[in-house]
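Starting from the given sequences, assemble the full structure and let the hints guide the process.
The chain contents come next:
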Amino acid sequence: MRVPESIISLCFAASLPLAGQSTGVTGVRGLAFPGVSRVVVRTDAANSGQFDLKAHPGATASLTFLLPAVMTGPAGATMTLVFGANDAGFSASQSINSQVAFDPRTPYLATFSGNRASVFLGGTANPSTAQRAGNYTGTITLTVVFF
Amino acid sequence: MPRSPLVALLVALGAARTLAAQGVLIAPHAIYIDHARRSGTVTLYNPNAAPAEVSISTAFGYPITDSLGHFALRTVERPDSTLPSAAAWVQAFPRRLTIAPLERQTVRLLVTPPAGLPDGEYWARLIISARGGTLPVGVAGDTAAVRVQLNLVVNTNIGLSYRKGPLATGVTLSKLRARVVRDSVEVWSRLERRETAAYVGTVRAAVVDATGKVRSTLNAPIAVYFVMEPRYALSVTGLAPGAYWVRYELVTEREDLDPAVVLQAAAVRDSVQVRLP
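Respectively, the protein sequence lines represent chains A and B.
The numbering used here puts the first residue of the first sequence at 90, with every later residue one more than the last.
The numbering used here puts the first residue of the second sequence at 325, with every later residue one more than the last.
Read the hints as simulated data drawn from the structure, not as lab findings.
Idealized CB from N, CA, C, for every residue including glycine.
Residues of chain A placed beyond 10 Å of chain B at every Cβ, according to the derived structure:
(1) V130
(2) A164
(3) A174
(4) S180
(5) Q188
(6) V189
(7) A190
(8) N215
With the C-beta cut set under 8 Å, the calculated list includes, among others, these residues of chain B facing chain A:
(9) L349
(10) H394
(11) F395
(12) A396
(13) L397
(14) A469
(15) V472
(16) V478
(17) N479
(18) T480
(19) N543
(20) A544
(21) D580
Not close to chain A: a few residues of chain B, all C-beta gaps over 10 Å, as computed:
(22) T382
(23) Q415
(24) A424
(25) E573
(26) P601
Here is the structure:
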């Protein structure tokens, strides 16, 4: 069955502070693949994934994504996802326009200049022209180690 | 379907649905448990609009630096008796929980050390794994017969220290060196922990000009468990060419931690000259 366009989305509510010194990761916006382009750059304010990090100023944390190569569908069908060397960005100011690019396929060491920072994630979905109908799922894992 | 309507559809779906959780906030971000109490707590907060499924586990590991001076976590799956691991003794209650939207939950950490445990500091890592972010969205297209869903798991890994008996800490600073890299001065040093507990403190560095005026500063929390050689970068953008001093010190001060858990030690200092081109 032909699938000319696809949307893959994770959307999340904005984070609220926890009293006292806390740390953690919360999401603002999920990664979406709208339209026929199926390529989402990390600077795409509408469709890139955004993850907010909270830590102490000056702190460092390593960010490691475990990214799915495919999403699994019915009867073993798959839909390819591709994440490239320039598909993630770290912003100490939480600005999508001020990112330091990094490869989401390898660990990244982030340094906080303030209490909060953001990570942006882009990627590419590649549904085939004869993608089998049904439900497709995949899992993104983000591991944040605070030192 | 053109791109704009698809984006609009996505936004509309996002606004209309109760969206799944992703990640939780954790306090404190470093846990200290005393042998006298053998228990501690960690508070989790779910800032999302949907329940968060959380599981808690422990592992053994400690920060190190790699050859580039970057911090990394060295993990040991089966630590032997030479490593001060508390990972096997720490249990979280509950270990699995669901946190309602905008709710907090306290997790109790109980430690059951072996009998006859010598005085000292023992370490573990607490891993809080939050699962959520499942948002099925129909694929827009001629038939909309394909549905896709990305699930998200966020693992947050923080330090835990178990302390028994009187403890002391300290650090030696050596091999301080600096070099200019583009618009920064990179500073390296070798830090070696002394005494019986990890050195937890702050690195302070400053670039000082010939008149003694501070031109650039850096403050960074640090924990030295064994030995590390961290690299820091201080901006020297706009500074005139010439000789400068890099002042470098470690102090046992941490704004982000309860002072009661920060073991005190004498500050260590050194300085090195660097010339800006």
